[in-house]
Amino acid sequence: MTTEEAKKQSAKRTRRSFLIGGVGAVAGFEFYRWIDRAPGDELLPRPLRKALNFNEHLSRGVFDERGLAPTYDVSQSVDLRINGNYGLKQDLLLDSYRLQVVGVENPKRFAQYVDDVTAWNYKYAAVEAAYTGHDTKEAPKPTPKPGGNAGSAKDMNAGAAAGDKTKQKPEARPDGGAAAFGPNASPQEGPAPAMSPAFRRPAFAAAKAANSDGRPERGQEESGESASTLDPNTPGLLLTMADVAKLPSRRTGDAVQVHRGLERDCALGGVQAGGLYRSVPACKE
Amino acid sequence: MIDDTKAVDVDPDEGDAEADGAVLHAVAGALPGVMVPVEDEPGLREVTAAPTDEDTSTAEGEQRVGEPDRSDKIGEELVLERKHPLAIRWMHWINFPVLFTMIWSGLLIYWNDSDNAYKHAHRVYRVGLGGVTLFRLFPDWFYNWLSVPFNVTKGLGYHFFFMWIFTVNGIVYVLYLLWSKEWKFMVPERRSLRDAVQVTLVDLHLRKGMPEQTKYNGGQRIAYTAVVLMAFGALVTGLAIYKPTQTHWLTTLLGGYEMARWLHFWLTIGFCGFFLVHVGQVVLAGWNNFRSMVSGYELRRSTEPSLEAERSRF
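Protein chains in written order, with this note's numbering: chain A, 1 to 285; chain B, 1 to 314.
The hints are simulated quantities; they were obtained by calculation from the structure and are not laboratory data. Some hints here could point you the wrong way.
Derived DSS-like pairs (lysine-lysine); straight-line CA-CA distance at most 25 Å [unchecked claim]:
#	chain 1	residue 1	chain 2	residue 2
1	B	Lys154	A	Lys12
2	B	Lys154	A	Lys8
3	A	Lys246	A	Lys123
4	A	Lys50	B	Lys243
5	A	Lys50	B	Lys184
Working from the sequences, and respecting the hints, build out all of it.
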């Protein structure tokens, strides 16, 4: 093969390969675009959501559900980070705690049956923590030190605003947080208002309207009405904390993973959601 | 830097030309050669690649004015030789966007860090020594430039999707290296470390004379093998922080969650460093070398050692 022949052949191969490479690059680009433009499934493009579901199923198949995570001495623990101030802005009075369970087969056989689970009035402590926005990354305690685990868990909201508790009417909150109270809660009622069945519905609608793209402001989505919010007059069970504690439980890892709401991995006051499913047969997945 | 005024190819001294020939052979891989300006074309042209270059303007057999045909001058024929097998080329180019997707989505996740010390939100890791911190990773301008903040959901979605492509591609790549015996070109030899030092010094223009090599020089052998091991490390540390409870034995083996996470992060920075050096060297090595990762074939002097001959001995 002479130099000229080699060059000619090289040119031919180069042209062909770059053509194929170009087609491949376009295909790759389309693949990315396909993912990015796929319709959303729970705020994530469907291919990505499907991959997450696949990973989840695979994990359940691969890892032993009954396997115990290692345990450690309390002295080795550090404070857990508070993910944010979403959700309850006030301390719930534990006596008024009820877990709403619907979809149970023949629910009337249970003593906890009520005609409308959404009618339950949750009661809150009067004092409300100052709103500190989403994830502040501030220490829950002024001086977090390894080994100390006292009182950080129950102080979720107050933590970031330690020493900054103000007795104010919730309606006076500057961030539109009056949303914490439903239509039944009139400003005159003052402290300890009742939670509306339609959890903050008016304010949620207001937040929606306030944003041009039809979605609530960032950070408000999670504190608003969720897709699982029940319609009024939904029959079901109302479980007290004591009821929940009686459910079969088992200790699993300390790492509580809540990716998609209430899942098996989600520990609920020490009770595994899986135990709940088994006790309430119709709830099974 | 490079002495741009000295055109190697017009050096009348025959002995020098031969010495250059040795260098030329050595840099046929992904290493910089001596650059000379070419009058009729903007930018720099590389001597090593130039004789083997049938770029569009000369492909039709038209001799470029003022540039003698070096292959004729040195009296060597050019031959076309297979350098990179098809499978390696495909996996190399698939890995490129996939690795970047992993790095980018990893950054989105990292931003949403868990800074248990509550001191440096979004900037858990730093560069410094002892109490002295040079800088923290990453500054706000960097995050904003890449639209990183508040995208952890997207980050997790992409990370846990593309991890499969990254993993499968990587495993198939390693299996192919083993099956095809191409690994023998790539794995460091006894002399590779010494060669790598020499290659680096030549690159920095502190020394002359590239060591003998076949497909890859010592520096490349070390770098390419290292990056495969790094990818394995990224998978292992990634699994350890993805499922720290289920694979607690692995997490513990790696020094605990925080340590595994630290390793995962710095391996990623390592990939970025590899990428910068790799691309820089490919640019310096020139078109003939770059093209071979697309077409698989490279023009080489007939007097240079044959890769195919080497392959047949594997």
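Here is how each hint holds up against the structure:
1. B:Lys154 x A:Lys12: The hint is violated at about 42 Å.
2. B:Lys154 x A:Lys8: 48 Å, violated
3. A:Lys246 x A:Lys123: Since the Cα atoms of lysine 246 of chain A and lysine 123 of chain A sit roughly 23 Å apart, the hinted pair holds (cutoff 25 Å).
4. A:Lys50 x B:Lys243: Satisfied, since the Cα-Cα distance of roughly 19 Å is no more than 25 Å.
5. A:Lys50 x B:Lys184: 40 Å, violated
Comparing the model with each earlier hint shows violations of hints 1, 2 and 5; every other hint is respected.
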